[in-house]
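Based on these hints, arrange chain W on the given structure of chain R.
Residue-level listing of the chains:
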Amino acid sequence: MAWGGIVLTENPVTDYDTFHLALPRNRLANIRTTKRDMGGYWQADFDILPESREEAQVLLANCLGRHVEIHHDYGDLAWEGMVNSVVLETGTATIINSLNDMGNDVWCRYTPIGGTTVARSTVYESAMSKAKFATKQFVLGGGEIAAASADQFASLYRDWNFWPRPTLQQINTEGQVRALPGLTLKCIGYIRTFEWMVYNQTILTGTALASTVMQAIVTACGQFVASSVIGPNNTVITREYDADRHPLDIMESIASLGDSDGYTWVIGMTRGRKFYFTQATPPFRLRSG
Amino acid sequence: MTFPKASSIFALYDGENYVDLFRATDSIAMAPGREGIGDFSFSPSQYDEDLASLDSLTFKETVTLNHRSGRADSMVYAERRLIAMLRKAWQYHYRPRHNAPVVLIAKAPGETNPRYAVVRQCPAISGRNRITSEAFRQAVAADGDGVTIERFIWRDFMPGTMPSPIVLGQVGGGPTAPTESVIANYRDNHAITDVYVADGGVFGPNLYGEPGLLNLFPAAPAVGDIIYFGGDDPFFNISLWLVTAAVYVGVTFVWEFSNGAAGWPDLVLGDTLTLYPDDDIWARTGLAAINVWPGSTWAKEVVNGQNKLWIRCRIDAIATSFTSPPQNNLYPIYNQRNPYVSIPANTLEGDAPPYLLLRAKSPEGGDADETFANVSKILIGSKSRGLDGFLSHINLGNDGNPAGVTVTYGTDTAAAASPEAPGGDHAHITFATDITMVMRARVVLQDLAADFVGEYRPFLRIDGSGTFDGKVQIVVRLDSTSDFASKNVGPEIDTVGDESFEVVDLWPLDRIRIPFGKFMSADDLAGADLIFEIWASRDAGAGELDLKDLILIPIDEWSVEYVDPVTDIEFGSSALRGLRLLDDDGGVITDRTMLRVLSAWNGTPWPAETWSRHGLAPRLDPKAEHRLYFLIEHYNATGEWAGPPLSAQPPCQLAVSLYQHAVYFNLRGDE
Numbered sequence: 315m316a317w318g319g320i321v322l323t324e325n326p327v328t329d330y331d332t333f334h335l336a337l338p339r340n341r342l343a344n345i346r347t348t349k350r351d352m353g354g355y356w357q358a359d360f361d362i363l364p365e366s367r368e369e370a371q372v373l374l375a376n377c378l379g380r381h382v383e384i385h386h387d388y389g390d391l392a393w394e395g396m397v398n399s400v401v402l403e404t405g406t407a408t409i410i411n412s413l414n415d416m417g418n419d420v421w422c423r424y425t426p427i428g429g430t431t432v433a434r435s436t437v438y439e440s441a442m443s444k445a446k447f448a449t450k451q452f453v454l455g456g457g458e459i460a461a462a463s464a465d466q467f468a469s470l471y472r473d474w475n476f477w478p479r480p481t482l483q484q485i486n487t488e489g490q491v492r493a494l495p496g497l498t499l500k501c502i503g504y505i506r507t508f509e510w511m512v513y514n515q516t517i518l519t520g521t522a523l524a525s526t527v528m529q530a531i532v533t534a535c536g537q538f539v540a541s542s543v544i545g546p547n548n549t550v551i552t553r554e555y556d557a558d559r560h561p562l563d564i565m566e567s568i569a570s571l572g573d574s575d576g577y578t579w580v581i582g583m584t585r586g587r588k589f590y591f592t593q594a595t596p597p598f599r600l601r602s603g
Numbered sequence: 105m106t107f108p109k110a111s112s113i114f115a116l117y118d119g120e121n122y123v124d125l126f127r128a129t130d131s132i133a134m135a136p137g138r139e140g141i142g143d144f145s146f147s148p149s150q151y152d153e154d155l156a157s158l159d160s161l162t163f164k165e166t167v168t169l170n171h172r173s174g175r176a177d178s179m180v181y182a183e184r185r186l187i188a189m190l191r192k193a194w195q196y197h198y199r200p201r202h203n204a205p206v207v208l209i210a211k212a213p214g215e216t217n218p219r220y221a222v223v224r225q226c227p228a229i230s231g232r233n234r235i236t237s238e239a240f241r242q243a244v245a246a247d248g249d250g251v252t253i254e255r256f257i258w259r260d261f262m263p264g265t266m267p268s269p270i271v272l273g274q275v276g277g278g279p280t281a282p283t284e285s286v287i288a289n290y291r292d293n294h295a296i297t298d299v300y301v302a303d304g305g306v307f308g309p310n311l312y313g314e315p316g317l318l319n320l321f322p323a324a325p326a327v328g329d330i331i332y333f334g335g336d337d338p339f340f341n342i343s344l345w346l347v348t349a350a351v352y353v354g355v356t357f358v359w360e361f362s363n364g365a366a367g368w369p370d371l372v373l374g375d376t377l378t379l380y381p382d383d384d385i386w387a388r389t390g391l392a393a394i395n396v397w398p399g400s401t402w403a404k405e406v407v408n409g410q411n412k413l414w415i416r417c418r419i420d421a422i423a424t425s426f427t428s429p430p431q432n433n434l435y436p437i438y439n440q441r442n443p444y445v446s447i448p449a450n451t452l453e454g455d456a457p458p459y460l461l462l463r464a465k466s467p468e469g470g471d472a473d474e475t476f477a478n479v480s481k482i483l484i485g486s487k488s489r490g491l492d493g494f495l496s497h498i499n500l501g502n503d504g505n506p507a508g509v510t511v512t513y514g515t516d517t518a519a520a521a522s523p524e525a526p527g528g529d530h531a532h533i534t535f536a537t538d539i540t541m542v543m544r545a546r547v548v549l550q551d552l553a554a555d556f557v558g559e560y561r562p563f564l565r566i567d568g569s570g571t572f573d574g575k576v577q578i579v580v581r582l583d584s585t586s587d588f589a590s591k592n593v594g595p596e597i598d599t600v601g602d603e604s605f606e607v608v609d610l611w612p613l614d615r616i617r618i619p620f621g622k623f624m625s626a627d628d629l630a631g632a633d634l635i636f637e638i639w640a641s642r643d644a645g646a647g648e649l650d651l652k653d654l655i656l657i658p659i660d661e662w663s664v665e666y667v668d669p670v671t672d673i674e675f676g677s678s679a680l681r682g683l684r685l686l687d688d689d690g691g692v693i694t695d696r697t698m699l700r701v702l703s704a705w706n707g708t709p710w711p712a713e714t715w716s717r718h719g720l721a722p723r724l725d726p727k728a729e730h731r732l733y734f735l736i737e738h739y740n741a742t743g744e745w746a747g748p749p750l751s752a753q754p755p756c757q758l759a760v761s762l763y764q765h766a767v768y769f770n771l772r773g774d775e
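Chains R and W supply the protein sequences, listed in that same order.
Numbered according to the numbering used here, the first sequence spans residues 315 to 603.
Numbered according to the numbering used here, the second sequence spans residues 105 to 775.
The following block holds chain R by itself, in its conformation from the complex:
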């Protein structure tokens, strides 16, 4: 199936600015998309052929977090997600700008000196970063330190990482400067934004049905979810997740349990930022009978 154009627009859940970049097919190369049964739209990469160095530099700085739609040659949607990293290749240097290490809601898990139970530091946030990119929680591991040190660690990380900035990744001393830089955009599906958050629990003890817990996670952490379909799954699971785990990890674990009839279940996000937790289609059983 051939590719059509790609459209970049503003972050769909923040109200920071407007952005619209319609890239016709002749400005694109090396389009690759991945869609998983477990996860839906997962990742995509493509190269933009910039019109000028200036445009490449602007895109390096201003593409992150943008909504991405990749289309088939006949116009229908092939993939959607957001820009997670931008890589600029000048021929002599590689510069990367990424949301990977960005955090605007940062805390430190640590063990107080001489203590035995894990504690959390103060949460340090950046309202400006959240306004542009939405919330991205980041949990630091502090080891055995004092509470003040944990706070200091989290505060410092927030100050350095609340806003993504281009980083020199590599210098090629034998390279030749290209007439126009190469620009690669690496995108993630919205399901991956469940890795931006941390989910613990709604209650410290007890169990709940898989569908109930899934709904609670989506409500708490699904900031990019526009709508959802959560099918009835009566598998009984715990309500305790007090380990600062990413919800994507928890959701995949829950889905992997399947259902009591032995059918496989999947989670993911599809077009229109729609989350699903449903029996796999076509349904197939993990075991016979």
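Incorrect hints may appear among the rest.
Listed next, the in silico DSSO-like pairs over lysine-lysine satisfying Cα-Cα at most 30 angstroms (straight line) [as the list claims (entries may be wrong)]: (1) R:Lys588 with W:Lys591; (2) W:Lys622 with R:Lys349; (3) W:Lys575 with R:Lys588.
Some chain R residues judged to face chain W by a derived CB distance under 8 angstroms, without partners named [stated by the list, open to error]: (4) Gly319; (5) Thr323; (6) His334; (7) Arg339; (8) Asn340; (9) Glu365; (10) His386; (11) Asp387; (12) Gly389; (13) Asp390; (14) Ala493; (15) Leu494.
The following label-pair restraints were derived from C-beta to C-beta distances [as the list claims (entries may be wrong)]: (16) W:Thr424 with R:Ala375: 53 to 61 angstroms; (17) W:Val593 with R:Ile485: 55 to 63 angstroms; (18) R:Asn344 with W:Phe623: 27 to 35 angstroms; (19) W:Ser584 with R:Gly520: 54 to 62 angstroms; (20) R:Val491 with W:Trp705: 44 to 52 angstroms; (21) R:Glu365 with W:Ser584: 51 to 59 angstroms; (22) R:Glu365 with W:Tyr181: 26 to 34 angstroms; (23) W:Ser237 with R:Ser366: 34 to 42 angstroms.
Everything labelled a hint here was simulated from the structure, so no lab data went into it.
Cβ atoms here follow ideal geometry from the backbone N, Cα and C, with glycine treated the same way.
This is chain W only, laid out in the frame that chain R set:
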């Protein structure tokens, strides 16, 4: 710019200056040497491959030039112009502020017309060192300089300039050879039947179908004079060709529709009315269109002895003067009721799909409200096969469809009259006895499967009565309604259910193939029926559902979506509304999709902002007859800008024209 037929041409042109590479006669001459211009090489199929754009491929011209001049410094002058021109060519592609292409113009001996190609760059100029060159020292000449020019494909028109629009085919009862074609957002068979001018209450003759010069108001217009348009079935468009603009100052016109009770409610510009080319429609000449959406209260009324559905335009006040009426000529007044543009065979020229610019102008009326007057999405699909029997819009009310198309109904479903529905009826589902997913409406296309061979995106237009909470699904069957017939079953699709003419993508992420496997020329579908079924379920509540029509956008030849970026969610300023047009350009000027704003001062289409093109720019095979089928969508009055779902009410209208630069691999000849 004309060139004598006998001469050969090989020249560079940047819009202002020429560098003639084939001038052997002047004192400062530059012409191909003994090795001449290098041989050509191309693959006839290279433009049929998976190309990013027509400009994805370049061709190389290698020229061996001889220079001659009386003085060395004069020769420098000629060389400098050549270098500057080729530098400009590079800058055009790599420095955006340089926005005029450099063009290579060529013509072989005896070739009638010249051909043009955008120069991409000159990777190398080489030659003998002038200090030691014997020819230079003795004759101020350079022998055998090599110039390599990378260019794009030849075309028949100067790149970067607009040609005249191509002549389109007749659609419905419209003009026979228009350069601008009205696109309706529905399809039915129902022509209007009556057009009257009432002069002080005295009715003139029926002007419908009259081809001559027609006064559209009395010769001496006065307050209370009216023009009526009437039909037996709902219509949403009236198209005219005005040859004389009305002359008036300070006149107020009121548009109204019949409600069966002599009430004549207003049609409100922007809400229930749009006018093309603008709201002062009678003061214009050329194509004019009136698009109406009277709604559920539109009812028949007796006017001049005719019991019809009417719209009318009444002179409500004359503040200053109304000197003379507008006049229609050339083409009879008609109602466009087809959603396609026809491109006759042999209209598109050249050796491969031409560069095409599709221009869609919108009528006036849009405001900050999300209505049919503000277009935010356009889907187009091209088809060149099976045009006799293919139809893109099938009315599920079983009214206004062509012969061979029959709609029958399943559980809890029946046809119901609706003045809002294409054809005048829709399929109404009550869910009274069964809310599960079962067949509700079945379309049988008798003996028509052969004309539908191809691939399609299926859409359904629905209207939930109350808040409908449920799903719809399409089932396609070949030739038989039996449970054991070959069939394809689409996914169950959630609807929003409370929007007027909500567009449901029935098979997102996939397509319908007809037949379901590969079709070869040795295969035969003659006599086979094609069957589409619409299934529906209700998940909750007591809502009911109206099925308006099934829309099939062909995608296997060329298809695209143009989408409003909605850069302003308060006023929807980036929508296609009055005094705007959308240009989708595959490279006539340059590859882009541009919303233009028409200057109120002089009508110039100023470039304003970029719309998204989902897919590729128009790419149609030359020589063949094509139809471009449209689905025009807008945000909904009860929704919000950029908020799903989009709707597609029938009175959405566009006026479409096409411009081409034909392309050639080698000679252009006399095309």
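Verification of the hints:
no. : hint                                       : result
1   : R:Lys588 with W:Lys591                     : holds (28 angstroms)
2   : W:Lys622 with R:Lys349                     : holds (26 angstroms)
3   : W:Lys575 with R:Lys588                     : holds (16 angstroms)
4   : Gly319                                     : holds (5 angstroms)
5   : Thr323                                     : holds (6 angstroms)
6   : His334                                     : holds (4 angstroms)
7   : Arg339                                     : holds (4 angstroms)
8   : Asn340                                     : holds (3 angstroms)
9   : Glu365                                     : holds (5 angstroms)
10  : His386                                     : holds (7 angstroms)
11  : Asp387                                     : holds (5 angstroms)
12  : Gly389                                     : holds (4 angstroms)
13  : Asp390                                     : holds (6 angstroms)
14  : Ala493                                     : holds (6 angstroms)
15  : Leu494                                     : holds (6 angstroms)
16  : W:Thr424 with R:Ala375: 53 to 61 angstroms : holds (58 angstroms)
17  : W:Val593 with R:Ile485: 55 to 63 angstroms : holds (57 angstroms)
18  : R:Asn344 with W:Phe623: 27 to 35 angstroms : holds (33 angstroms)
19  : W:Ser584 with R:Gly520: 54 to 62 angstroms : holds (56 angstroms)
20  : R:Val491 with W:Trp705: 44 to 52 angstroms : holds (46 angstroms)
21  : R:Glu365 with W:Ser584: 51 to 59 angstroms : holds (55 angstroms)
22  : R:Glu365 with W:Tyr181: 26 to 34 angstroms : holds (33 angstroms)
23  : W:Ser237 with R:Ser366: 34 to 42 angstroms : holds (39 angstroms)
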